[in-house]
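Work the whole structure out from these sequences, hints included.
Chains as they are written, first to last, in this note's numbering: chain A, 1 to 208; chain B, 1 to 208.
Bear in mind the hints are in silico, worked out from the structure with no lab data behind them. Just so you know, not all the hints are guaranteed correct.
Below, in silico cross-link-like pairs of lysine to aspartate or glutamate (DMTMM-like), each with a Cα-Cα straight-line distance of 25 Å or less [as the list claims (entries may be wrong)]:
| hint | chain 1 | residue 1 | chain 2 | residue 2 |
| --- | --- | --- | --- | --- |
| 1 | A | K51 | A | E37 |
| 2 | A | K144 | A | D129 |
| 3 | A | K122 | A | E143 |
| 4 | B | K51 | B | E82 |
| 5 | B | K122 | A | D129 |
| 6 | B | K51 | A | E201 |
| 7 | A | K51 | B | E201 |
| 8 | B | K51 | B | D67 |
All of these numbers come straight from a predicted model, not from anything done at the bench.
There are 2 protein chains.
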Amino acid sequence: MSARSDVSPLTVNRLSIYLRCLRMLQEQGLRQVSSQELGRCFGISPALFRKDLAHLGEMGIRGVGYDVDSLAANLSRHLGLERTHRMVLVGAGNLGSAVARYFGTGDGPFRMVAVVDSDPEKIGRPLGDVTVRPREELRQAIEKTRATIGLLTVPAEAAQSTYDELVEAGVLSVLNFAPVHLRRSAAVHTRNVDLRIHLEELAFYLVR
Amino acid sequence: MSARSDVSPLTVNRLSIYLRCLRMLQEQGLRQVSSQELGRCFGISPALFRKDLAHLGEMGIRGVGYDVDSLAANLSRHLGLERTHRMVLVGAGNLGSAVARYFGTGDGPFRMVAVVDSDPEKIGRPLGDVTVRPREELRQAIEKTRATIGLLTVPAEAAQSTYDELVEAGVLSVLNFAPVHLRRSAAVHTRNVDLRIHLEELAFYLVR
DNA sequence: CCATGTGAACAAATTCACAGCA
DNA sequence: TGCTGTGAATTTGTTCACATGG
Chain A
1 MSARSDVSPL
11 TVNRLSIYLR
21 CLRMLQEQGL
31 RQVSSQELGR
41 CFGISPALFR
51 KDLAHLGEMG
61 IRGVGYDVDS
71 LAANLSRHLG
81 LERTHRMVLV
91 GAGNLGSAVA
101 RYFGTGDGPF
111 RMVAVVDSDP
121 EKIGRPLGDV
131 TVRPREELRQ
141 AIEKTRATIG
151 LLTVPAEAAQ
161 STYDELVEAG
171 VLSVLNFAPV
181 HLRRSAAVHT
191 RNVDLRIHLE
201 ELAFYLVR
Chain B
1 MSARSDVSPL
11 TVNRLSIYLR
21 CLRMLQEQGL
31 RQVSSQELGR
41 CFGISPALFR
51 KDLAHLGEMG
61 IRGVGYDVDS
71 LAANLSRHLG
81 LERTHRMVLV
91 GAGNLGSAVA
101 RYFGTGDGPF
111 RMVAVVDSDP
121 EKIGRPLGDV
131 TVRPREELRQ
141 AIEKTRATIG
151 LLTVPAEAAQ
161 STYDELVEAG
171 VLSVLNFAPV
181 HLRRSAAVHT
191 RNVDLRIHLE
201 ELAFYLVR
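Pasting the structure below:
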């Protein structure tokens with residue numbers, strides 16, 4: 001077991017996938033599972049699965065495998081899904097609205113606590129659990145709700161300045177949906193979700 | 001210059017990013033650029049940039065740098081963005097609708113040619129450039145439009161069977177938005193866009 | 001000269017293979 | 001015995017450093 005910051009992003013990404021797989025197995029009523037079986041089912045190498053888990057301490061029983069329930073609980077705890085994460089969304093356009101509605105009812109570990117938009121038309125509209133507020137109130141909304149995650153669904157041109165403002169206002173991570181390469185703050189974990197890049201990757205393999 | 005299939009996915013992903021950066025530079029009226037400058041601007045190592053480009057052949061001028069326009073054109077060609085890619089979308093819910101509208105007017109290289117949904121309520125509604133058709137017509141829609149890319153925006157439960165059907169019907173790549181780990185066909189390039197996994201990654205680093 | 005293109009050095013990630021424990 | 005946990009080997013990806021050529 002080592003410090004969080006030296007667990008590689010690739011590993012963290014897989015931990016999240018493992019948890020999802022385990023939940024499927026839980027639903028099927030399975031109680032024990034070996035790295036072998038998990039690997040077979042989900043196309044993951046058994047050794048890699050064990051290595052990844054090693055970052056979180058010893059989780060299995062030698063000669064037997066893993067207890068599905070307790071492993072899922074452990075992963076969930078290590079991924080920080082026990083606590084509630086408050087999110088603020090900037091930009092209630094097509095994509096922004098879809099994302100906000102995706103978190104519709106606030107029961108999961110990720111809760112949308114504020115949505116802001118610069119379009120006066122949109123202000124006051126209900127979206128998921130909240131009401132769209134004016135863009136100018138972003139900072140104050142973050143301070144008031146103590147949101148830790150920012151979701152960036154603004155047009156490309158506005159992405160960098162909005163990102164900077166989110167960072168300034170004290171958000172700890174940002175999920176950026178705008179199709180731009182952000183100049184990122186070192187202190188803030190940032191992930192990009194970029195439709196066009198994914199499509200262009202696919203297109204690459206379609207040539208010829 | 002080597003075969004497409006042995007260009008690593010990481011490289012392809014970056015090629016797509018490079019193209020975006022080059023387009024920004026084009027808009028700024030820049031005609032020449034060195035790997036050094038590009039690296040400085042976009043946080044990419046100059047050597048890596050050159051290595052990545054090497055997969056596509058010699059693109060630069062020694063002692064000078066790269067011609068922004070011709071490099072952009074070359075990248076665009078190699079990424080397969082000269083041709084039009086026909087996409088079919090399955091599942092016109094919140095996210096599906098947002099994605100369909102994102103490709104609203106069909107002028108880019110990616111064109112939405114069909115949308116199907118199983119909800120009778122939604123059938124017949126206009127969405128972007130097309131009209132929502134019944135889910136049963138998926139196969140025939142793919143055959144008729146000769147769509148090569150499938151976008152999967154159905155609920156998790158339906159994802160695997162829909163994926164299989166897309167593959168069966170002859171789609172060559174799939175972009176999966178459903179929060180499941182698909183059992184993938186070897187012949188079909190598949191990418192996942194998974195909001196929850198991204199959020200869980202961010203959450204991991206928020207623990208403590 | 002100067003920046004590309006590239007083989008050689010290095011680093012990271014994954015797989016192998018086996019010791020150690022239930 | 002059987003599967004985990006892990007060091008060692010391998011593969012993959014990145015950076016270095018320099019020869020090459022405009």
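Within 25 Å, alpha carbon to alpha carbon, are K122(B) and D129(A)?
holds, 24 Å
Take the C-alpha atoms of K51(B) and D67(B), compute the straight-line distance between them, and say whether it is at most 25 Å.
holds, 17 Å
What's the verdict on K51(A) and E37(A), does the C-alpha distance respect the 25 Å limit or exceed it?
holds, 16 Å
Starting from K51(B), check that the Cα of E82(B) is at most 25 Å away, please.
With Cα atoms ~23 Å apart, K51(B) and E82(B) stay inside 25 Å; holds.
Does D129(A) sit within 25 Å of K144(A), going by the straight-line distance between their CA atoms?
It holds: about 16 Å lies between the C-alpha atoms, which stays within 25 Å.
Take the C-alpha atoms of K51(B) and E201(A), compute the straight-line distance between them, and say whether it is at most 25 Å.
Distance ~18 Å between K51(B) and E201(A) Cα, so the pair holds.
Below or equal to 25 Å on CA atoms is what counts here, so check K51(A) against E201(B).
It holds: about 18 Å lies between the C-alpha atoms, which stays within 25 Å.
Check the hint pairing K122(A) with E143(A) against an upper bound of 25 Å on the C-alpha distance.
holds, 22 Å
Hint check: no violations occur; every hint is consistent with the structure.
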